[in-house]
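S.K.: Listed in order, the protein sequences are those of chains A and B. In terms of the working numbering, the first sequence is residues 12 to 460. In terms of the working numbering, the second sequence is residues 12 to 460.
Hints should not be assumed to be uniformly reliable.
Where chains are identical, the list cannot tell them apart; a pair therefore holds if satisfied intra-copy or between any two copies.
What the hints assert, rightly or not - Cross-link-like lysine-lysine pairs, in silico, DSSO-like; alpha carbons within 27 Å at most: (1) LYS365 x LYS320; (2) LYS320 x LYS78; (3) LYS414 x LYS442; (4) LYS456 x LYS383; (5) LYS414 x LYS320; (6) LYS320 x LYS269; (7) LYS52 x LYS320; (8) LYS414 x LYS269; (9) LYS79 x LYS457; (10) LYS320 x LYS413; (11) LYS269 x LYS413; (12) LYS442 x LYS79; (13) LYS78 x LYS457; (14) LYS78 x LYS414; (15) LYS47 x LYS269; (16) LYS269 x LYS457; (17) LYS79 x LYS47.
If you are wondering where the hints come from, they were derived from the structure by calculation, not from laboratory data.
2 protein chains.
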Amino acid sequence: MIPDPIDTLLEYLRFPTVSTQVGHSDDLEDCAHWLKNLFEKIGLSAAVYPTAGHPIVVARRAPDPQKKTLLIYGHYDVQPAEPLEQWNSPPFEPLLNEREGKIYARGSADNKAPTLAHLLGIASTLEEEGELPLNVIFLLEGEEEIGSPHLETFLREHRHELSADIIVVSDTGMAPGNLPAMTYAMRGVAAMEFLVRGPSSDLHSGLFGGAVANPLSAAARLIASLHDGEGRILVPGFIEDLQPLDPWERELLAAVEKISSTGENALQRLAGVRELVGEAGFSTFERLGARPTIEVNGFGGGYQGEGTKTIIPREAFVKLSFRLVAPQSPQRALQQVEAHLRAHLPRGVSLEIKPGHCGDPYWMDPHSFYGKAAQQALEESFGVAPLLLREGASIPIVASFKKILHLDTLLLGLANPDCGMHSPNENILLKNFFAGIELNKHLLKKLAL
Amino acid sequence: MIPDPIDTLLEYLRFPTVSTQVGHSDDLEDCAHWLKNLFEKIGLSAAVYPTAGHPIVVARRAPDPQKKTLLIYGHYDVQPAEPLEQWNSPPFEPLLNEREGKIYARGSADNKAPTLAHLLGIASTLEEEGELPLNVIFLLEGEEEIGSPHLETFLREHRHELSADIIVVSDTGMAPGNLPAMTYAMRGVAAMEFLVRGPSSDLHSGLFGGAVANPLSAAARLIASLHDGEGRILVPGFIEDLQPLDPWERELLAAVEKISSTGENALQRLAGVRELVGEAGFSTFERLGARPTIEVNGFGGGYQGEGTKTIIPREAFVKLSFRLVAPQSPQRALQQVEAHLRAHLPRGVSLEIKPGHCGDPYWMDPHSFYGKAAQQALEESFGVAPLLLREGASIPIVASFKKILHLDTLLLGLANPDCGMHSPNENILLKNFFAGIELNKHLLKKLAL
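My request is simple: use the sequences and hints to build the entire structure.
M.R.: Structure below.
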C-alpha cells in the first residue's frame, strides 16, 4: 500500500521536532515512532533505538543477503523556527500553496520531504515490483541539527547491522536554477587559535615604542605570511599532495560557475561583495570546491573601545580555520601551519597554538559504477543530465561514514535553491518532492545492476 | 623673606588638589589663592585667573623691560590618590622620612616640590641680590593631570602678557641613577583608525571561502606592509625628512642606554619582555627617542568568543598611532600612511580611514645659548655634568608653547626615578628638592647673561 505523498508529508511536517529545544523531546520521540509505523506499513521492519539524546530510527528490507545493500541516511529533526514573527504561516502547520507549487513548513526541505521521497520511492517499487532489487537500510537520526553528537557511537556499535555497499543522502540542495545535481566532493575542515604574547602588561607607546615588539604587528605579519599577494597558500607542504584538476572537472566546474554567475542567486550577490577574488590560476568554483583555504575567522588584541589609546598591547589572538581538499589531512595541515607560524615568528614575542576541531575532506569518483548509476537515475527522473558539484562546506557525517563504515556516499539533494533552509518560511517545491520519489525508484534499479 | 622650604612644601602638599574629582574644586581654588599669597610674600605680583575649569595662577616680577624674560610653567593639581589602601601613609598628610631623606605625599614629585623649587630659588635670589637678573613670569595651572583643556585658550588670550624669551619646565624626571638631566627633544604623536570592509554580512567560510576576500587577512597584510622584516618603516616619505643623528647625539644616547640597561629599573625589566627589539641600525635609546614608530594599538574583527566560528567576517578595524621625530609633521604623516594603505589595499575589500589626534614633535638645540646655560646651571647645582635626554613620549603643552608663544622650553626634571609618580606612595627626594632650589638660582644668572 502506498501512502498518499502529500497527506503523509503534511502529517510528518506537523511534528515540531526541534532537536535543540528540550521542550520538544516528546515530539521527537513521537515522530520516531510515527516513522517506525510508516516503515512497517510499507513493508519494512523498523526499530527505534534510544540514545543519550534523541532516538535513531533504523528500518530495513533485505530480500536477499547476496544482493547489494543500500544505506539511506536522513534526519527527522529540524532547526528552531524562530524568529516566529517572520513566518507568513505557522511553521508547524504546513501550508500548501498550489499556485507556487510549494509546501511551507519548518523542516519541509531540511530534511523531511527528501527523506519521505526515499521512503515513498521504495514503497512504490514494492507495490509495482513486489520486491526490492537490492537490500535497503534506513538510518534516520534526530540530532543532525545539533551536530549528531551520538551518531558516531551508534555507527561504531551497529557497524555490522549497517554493513552496506553504498550510501545515499538527500540533505544537500539542487544546483542553481533548481537543476538536478550530484555532489561528489566536500571540503574538510581544521581549526586553530594562536596567541602572540609580548610585554607582561600593556605598555605606553611613547615610553617604549620602538624598543619592544608589538604583538599585534607580529600576529599581522604571521597572517600575511600565509599567502602571497595572489592568494596562493605559502605554508610548506600544505598544497603539495593536491592533484591538478582533470580537464573534465574544470569543464564541470566552469558549467556550474556559468549558471551561478547571474540572476538573483548569483554568488557575488549572495556574498554581498563588489568583486569575487581568490587564488590566482583558478576559477571561482574551482576555488570554492577544489582548492583549500586558510581563513582568519577572528582577530583581537589591544584597545577595542572608542577613540585612541596609545599602547603596545600585551597580546593578540588569532582564530584560523582551513577548508581542505582530498587527500589533505586536517591533522597534517594543523602541523604544517604550526611549523610555518613558528618559523615565521618575529623576534621579541612568543607563540602559543591551540589546535581545534578537525573534519576530513571527502571525495568520490563520479565516474565510478555507483556515481554513474546515480547520474543516470537523476537524468531519467528530471529529464536533464545532472550537474556534478563540489561542495565547499563540510558535512561531518559523510566523513564519519567513510571513516567508520568505509563507504562512499551519493549526495543527491532535492532542496530548491530558494527553500529558505534554516530561515523563516522554509519550503519545498512539490515538483522536486515528486521527482525525488521517481529518483528513488530509478536509483534502486540502477544501483542494483 | 625666604619661606622655610620644608614647612612650605608640607603646607602645599596638604591641599588635596585632585583636578579630576569634582569634590576637590574648592581645594584647587584654595591652593591657587595660597600660591598667590606666597608669590606676593616673596615679592612678586600675582593673580588668580578663573577658567571654565580650575584657575590659573600667574605671578610676575619684571624689574627691567629691557632684560630677558623667563617663563616658568608648572601645575598645582595632582593625580587621584586611589588606590588608597596601597599607601603606607595618608596621601594628603605628608610624611617626612628622615632616614630615607624623602617626603611621601600625593603630588610631592608631580609637580609641587619642583614648582616650589622654582619659587624658592627666586625668593633666595631676591633675598641675596635684592633684585632678579631677568624678568620672571610664573604660569601655574590646575588642569595638567586632565589634559590641560583650558590652557591653549589661555595662552592665546594672554600671549602678550606671557611674552618671554625662554620657558623652563620642571615636570620630567631625573635620568636613571638619579642623575641630573636636560630633556631636549620629545616625540610627536598622530593617531588613525582604519576599517577594512568586505562582504555585507559574515559569510560561511565553507560556502564562500576561497572566492571572497577576507577583511581580517587584508587588514593584516596592510599592517605587515608598514614595516620590513627588520623593523624599518616602509611608508614612502615617512622617514625621508629625518636627519641622520650627529655623532654627539649617538654618544649621548649610548651613555643613557648604558645607565639604563642594568639594575631594577633596567628598561627590559620595566617593559616586562625577554628581549628588546626594534629598527635595524639603531640602538635601543636611538629607537626610543630619535626614531619614529608606527604602532598597532588595537585590532579587532570577526569572532571574539570561545572556540571556533567558521566565518569570513564582514569587517576589521585597526587602531594605529605614530610617534614622530622633528621635523616630521603629524598631518603629513597621516597623509603618507593613508596613501600607503590605499596603495597596498588588497582586491575585494574597501577601506575607510578616520584620522585621530595630532601632536607636534619637539626639539631644541641643546648647544644653543639657553641649552648650554641650563646645562651649566645643572652642573653647578648637582656637581656633575648633566645627561641630555630625548623623551619618547609627547608632552602636548611644550608643543603648545612652541606653536602659540613661539618659544623653546628647557625641560629640567627633578623627580627621582623611584618617585612613584601617578602611583601609591609618591615621594620626592629632599636632596633633589634642595638641589632644585640651587638650580633655579644658578639658572637665573646663566640665562640672564
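S.K.: None of the hints should be skipped; say for each whether it holds.
M.R.: Hint by hint, here is what the structure shows:
no.	hint	verdict
1	LYS365 x LYS320	between (29 Å within a copy, 15 Å between copies)
2	LYS320 x LYS78	neither (72 Å within a copy, 44 Å between copies)
3	LYS414 x LYS442	neither (35 Å within a copy, 78 Å between copies)
4	LYS456 x LYS383	within (13 Å within a copy, 102 Å between copies)
5	LYS414 x LYS320	between (51 Å within a copy, 24 Å between copies)
6	LYS320 x LYS269	neither (49 Å within a copy, 30 Å between copies)
7	LYS52 x LYS320	neither (71 Å within a copy, 43 Å between copies)
8	LYS414 x LYS269	neither (34 Å within a copy, 63 Å between copies)
9	LYS79 x LYS457	within (11 Å within a copy, 106 Å between copies)
10	LYS320 x LYS413	between (52 Å within a copy, 25 Å between copies)
11	LYS269 x LYS413	neither (32 Å within a copy, 65 Å between copies)
12	LYS442 x LYS79	neither (30 Å within a copy, 98 Å between copies)
13	LYS78 x LYS457	within (13 Å within a copy, 110 Å between copies)
14	LYS78 x LYS414	within (23 Å within a copy, 93 Å between copies)
15	LYS47 x LYS269	neither (43 Å within a copy, 84 Å between copies)
16	LYS269 x LYS457	neither (30 Å within a copy, 84 Å between copies)
17	LYS79 x LYS47	within (23 Å within a copy, 104 Å between copies)
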